[in-house]
Structure formats: C-alpha cells, structure tokens
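Participant: Letter by letter, the chains look like this.
Number of protein chains: 2
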Amino acid sequence: MLKPDFAKGNGLVPAIVQDQASGEVLMLAYMNEQAFEQTMQTGQAHYYSRSRDTLWHKGGTSGHVQMVKSIRLDCDADTVLLIVEQVGQAACHKGYRSCFYRQITDSGVTYCSEKIFDPQEVYG
Amino acid sequence: MLKPDFAKGNGLVPAIVQDQASGEVLMLAYMNEQAFEQTMQTGQAHYYSRSRDTLWHKGGTSGHVQMVKSIRLDCDADTVLLIVEQVGQAACHKGYRSCFYRQITDSGVTYCSEKIFDPQEVYG
Chain Y
1 MLKPDFAKGN
11 GLVPAIVQDQ
21 ASGEVLMLAY
31 MNEQAFEQTM
41 QTGQAHYYSR
51 SRDTLWHKGG
61 TSGHVQMVKS
71 IRLDCDADTV
81 LLIVEQVGQA
91 ACHKGYRSCF
101 YRQITDSGVT
111 YCSEKIFDPQ
121 EVYG
Chain C
125 MLKPDFAKGN
135 GLVPAIVQDQ
145 ASGEVLMLAY
155 MNEQAFEQTM
165 QTGQAHYYSR
175 SRDTLWHKGG
185 TSGHVQMVKS
195 IRLDCDADTV
205 LLIVEQVGQA
215 ACHKGYRSCF
225 YRQITDSGVT
235 YCSEKIFDPQ
245 EVYG
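Protein chains in written order, with the numbering used here: chain Y, 1 to 124; chain C, 125 to 248.
This is chain Y alone, in the form it adopts within the complex (with noise of 0.2 Å):
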C-alpha cells in the first residue's frame, strides 16, 4: 500500500489543498500518520495542527469542512496533494477563499483571491 514517507518529515507531511471546481490552490497543511488515516477513513481532510500538537479535523466546529475528492502523492512520497470540494467556500480564517491572497509584485502587494466573509462578524 503505496502512503507518505512520514519518517523524512519527523512525523510530519506537507499537504497542498486544491479546491476541485475552481482550480484554486487553498492553503498548506501538515499531517501526521493519523491525520493522513482519518482523511481517508472519513473522506473529511484530517491535519495535524503544528500550534496546538494536535489532530485537527478542518472545519469540524463551524461545519466548513473539505470533502476529499482525490488524494495524490508526489514522486518522492514526501508531499500530498489534496483536491477537495471546500464547504462554504472560504478556506482561510482571514475570509478569503484561498490562504494565498497576497500576490507579491515588484511594486508592492496586490490581492488576488475572493472575500467570502468578514471575520470579523464571524469571529469578533
């Protein structure tokens, strides 16, 4: 059975999520042995929170979760690919649709990724 090469990272993979409709790359995480498990038991992206030291299923408070459309590893094993279908359209915690919403140009910083929410009306 073909799995991530978790003992390069001690422990730990990265994982790139991919939003399936849009193409969108989300954001970047990180998975342990059993996040990687529990991603692929439930179908739901499981990470390993690296701040809190612990399992972390996204979205499992407010709902927001991603279903896990496709699960891909790279040539070397040491990275996953996740393509998800994210619900209620923001990944990031700042309300953009991608964590990746600052584009870095020569004369500046520009935006370059949707507002689905204020956070904070969410979060205030």
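Derived by calculation from the structure, the hints in this document are not laboratory data.
Some hints here could point you the wrong way.
What follows is a set of in silico ranges between Cβ atoms, one per label pair, in the way DEER data are often shown [as the list claims (entries may be wrong)]: (1) Y:T105 x C:D129: 15 to 25 Å; (2) C:Y247 x Y:G60: 37 to 47 Å; (3) C:Y235 x Y:S62: 32 to 42 Å; (4) Y:G60 x C:D200: 11 to 21 Å; (5) Y:S62 x C:Y247: 40 to 50 Å; (6) C:D177 x Y:T61: 20 to 30 Å; (7) C:R174 x Y:R52: 19 to 29 Å; (8) Y:Y123 x C:G212: 38 to 48 Å; (9) Y:T54 x C:V246: 36 to 46 Å; (10) C:E245 x Y:E33: 35 to 45 Å; (11) Y:Y111 x C:D129: 15 to 25 Å.
Keep in mind the model is a prediction, meaning the values are calculated, not measured.
By construction, the Cβ of each residue, glycine as well, lies at the ideal position given by its N, Cα and C atoms.
Given chain Y's structure and the hints, the job is docking chain C onto it.
Facilitator: This is chain C only, laid out in the frame that chain Y set:
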C-alpha cells in the same frame, strides 16, 4: 516589504508550484532567503535543495526552467505559491507533467498526470 517568514522553518519555507496554463499543481520544493531573492530578481524559480544542501536553479542545466508569473504568500507567511510557465512541459524527473502523478484510492494506485518523456531515454 512583505516577505516569507524564514525563521519559522529553520531558514526554509515550502514553495508550491502551480502551472499557469492548466492549473495543475506541479511540485513542492523549499526556498531559503537566497532562493526567494534569486526568484524575485530573475523571474525564474530557484529553490534550496535539501538533499544537496545548495541553491538550485530549477532547469538551469536542461533549459527546462520555470518562468514565474506570480509569487503569492499565505496568511501566516510561512508558505509560498509560485504560478509558473513550465518550459519543456514536465516538472517531474520521472517524466510526468506533475510530480503528483499517483492517486491513492481504496482499491489501489491510479495515475493522474500526463507522461511527457521517458526518463530512461533522457537520463539513461
């Protein structure tokens, strides 16, 4: 000037690479500050090779460089997203368009990225 937070990952940040034309996620590599600055200055993707412990100009030898069209940063500034034009079409040394050419399913592995060249003919 907005920059990646290199300190957080001991001097490195992961860089996701996405094909501008197809939207396909091509690969994940790592950047140190020098690689990021070289990428900004030259418009061609530069990474830090962890295995060779050196700056890596992707395609510098083969000519299969990545022309950078957009440099994006995520909400906590610890991951870069490059949107590129991949010269030569294949990002992966295995000959596939994307390094993420294997999909893990309940019934086994399926292939999900176009094969562009045969690595045995190119490197063999």
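Participant: So, against the hints stated earlier in the document, which numbers end up violated here?
Facilitator: Hint 6 is the one this structure does not satisfy, whereas the remaining hints hold.
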